[in-house]
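Engineer: Spelled out, the chains give:
Number of protein chains: 2
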Amino acid sequence: VTRSTRQLTGPARIAVDLLGGDHAPAVVVDGALIACSADPDLRLVLVGPTSVADEVLAALSAADRSRMSVARATRSADRPLRAARPGTTVGAAVDAVLRGDADALVSAGDSGATVTAAVLGLGRAVRRPPLAAMLPGLDGPVVLLDVGASVDPSPPVLVQHAVLGAAYAGAVLGLEHPRVGLLSIGTEADKGDRWRRTAHGRLALIKLPSGAQFVGNVEGYDVSRGARADVVVTDGFTGNVLLKGVEAAYVLAGGEMSADTAPRAAALLGTGGTVIVCHGEATGPDVASGIELAAQLHRLGATARLGRSEVII
Amino acid sequence: VTRSTRQLTGPARIAVDLLGGDHAPAVVVDGALIACSADPDLRLVLVGPTSVADEVLAALSAADRSRMSVARATRSADRPLRAARPGTTVGAAVDAVLRGDADALVSAGDSGATVTAAVLGLGRAVRRPPLAAMLPGLDGPVVLLDVGASVDPSPPVLVQHAVLGAAYAGAVLGLEHPRVGLLSIGTEADKGDRWRRTAHGRLALIKLPSGAQFVGNVEGYDVSRGARADVVVTDGFTGNVLLKGVEAAYVLAGGEMSADTAPRAAALLGTGGTVIVCHGEATGPDVASGIELAAQLHRLGATARLGRSEVII
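If you read the sequences in order, they're chains R and L.
With the first letter of the first sequence counted as 1, position 7 gets the number 7 in our numbering; the numbers rise by one all the way through.
With the first letter of the second sequence counted as 1, position 8 gets the number 8 in our numbering; the numbers rise by one all the way through.
Extracted from the complex, chain R is given alone in its bound form (with noise of 0.2 Å):
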């Protein structure tokens, strides 16, 4: 058993919005050029204005410049009623996709802009699709959904989170048997308020894809440790609260959460396609670690093998 992402080799096709996030374009366009130059058999779909792609394409050789293309999309979705207006390079990145112009996407733009204009384009497996971030536990990366895609703490929402977690982790982790923690204020079953009561009585009931286990409670220091769930489940709304306290404590405690560890950017999982966002305030690196991360999931046909994990629940 591998804890680690493995590295895939093989085309790939990734949409990138280049006007999404707190620092675009140039960020972007630094994380498309990092990508580019890691990873040989990447070819990116440009989205965003122009003059922009031309700054990609200007900084390429001419052989590199071959294995990009360039959708023309003029301003960003900068909160999520606007994914649905056309015109967004977020929208455009999706139609790249549903085209077969792209295997997937990444935007750093407004993550529910990202959600929104990914469900109305590509449609949802489920009610409400969770971002799954990845985190460099000690004994291995450990998978954290929700992070914040939606708000909803209902049982039957905490139940697909621990299904997709479970498929996710068996097809990018490459685990067999993933164990899946519920997030709660203590181990014991009764601990947490009465949605995590609930969920933990109904996920101790049902089969989990990859031959995951259910392992009970998990707490908060479980993302960072690793040594007791590979998956832990919560609600976007406590999942984005500690993604984001956790990330700040390691940089402030002289650390970093590194690329080289767990890729830097969130899948949405659970519509039909492959879709990562990238951080508001993501570097250049950090994009580039979200094209790779979309690339990875496109070789490993990680959104078919999640759509097939549905029928378990």
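Per label pair, the in silico range of CB-to-CB distance: (1) R:Asp22 x L:Ala304: 44 to 52 Å; (2) L:Gly174 x R:Arg194: 34 to 42 Å; (3) L:Ala204 x R:Ser154: 25 to 33 Å.
Covered stretches of chain R, as calculated for chain L (at least 3 residues, CB under 8 Å): (4) 180-194; (5) 215-221; (6) 233-242.
None of these hints come from the bench; they were simulated from the model.
Virtual Cβ for every residue (Gly too), placed ideally from N, Cα, C.
Position chain L against the provided structure of chain R, taking the given hints into account.
Structural biologist: Using the frame of chain R, we list chain L on its own:
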């Protein structure tokens, strides 16, 4: 304006639960000895079996031994409901405060049991007394509450936490205009779940104690960075998960959350006494830090000042 906890002197009599915590009594004995040696004005009421109290007494000089008294109790309350039974150490510690034999109590036992014992014995000024932790933010300590006394995220409870947190920051950190933030998943007022959105509207309208100002939503980062708020308000589920995640991240990143920067213990606010909860996994220095926090709160008259803050709601 000072941004660190003020070190005061003067008599303080602290009841210490010798049986509380995963590694009791050893770490509690350690903590008691460390605290006594660091603070000559401290007096302790050792609450537990005679054999354990004798261990502390044997390690002290005759002069220091005169600073100790013993309240005998033979069993720990390892579950909240057991706190109501007679003969528990945490119940006996509450009794010591009630009788006026101690000014405050410290326990590293089950925090639910300590909260129950405190509410039953000392009374409460608010419906859900929160546990307030202090984290070592980059710019100074950050008060985070609730970190696990209850899991109720309803807007009236969040508003009460904000009031108590503001009063606590004023009394303990000496801040004249503490900045109070509501923990959410984005800085805009409409980010978060329905409870946060409602609480945000109410917090924008009320007058907080200590001249505090409501700065709106803050994010997971802000409990470590400290740049945006001195007090971070959330429900006990989210706060507990976040605190544990941040603690583990500090340790794994090679740093630590030192008692020099912020106490390694949480204060239960809104009851009729001064009550400090240490983590179940607390070490000796952590317990000592909790005892010192209890002494400081007593010396500052914090409980009385927080009691007065209630009228503002």
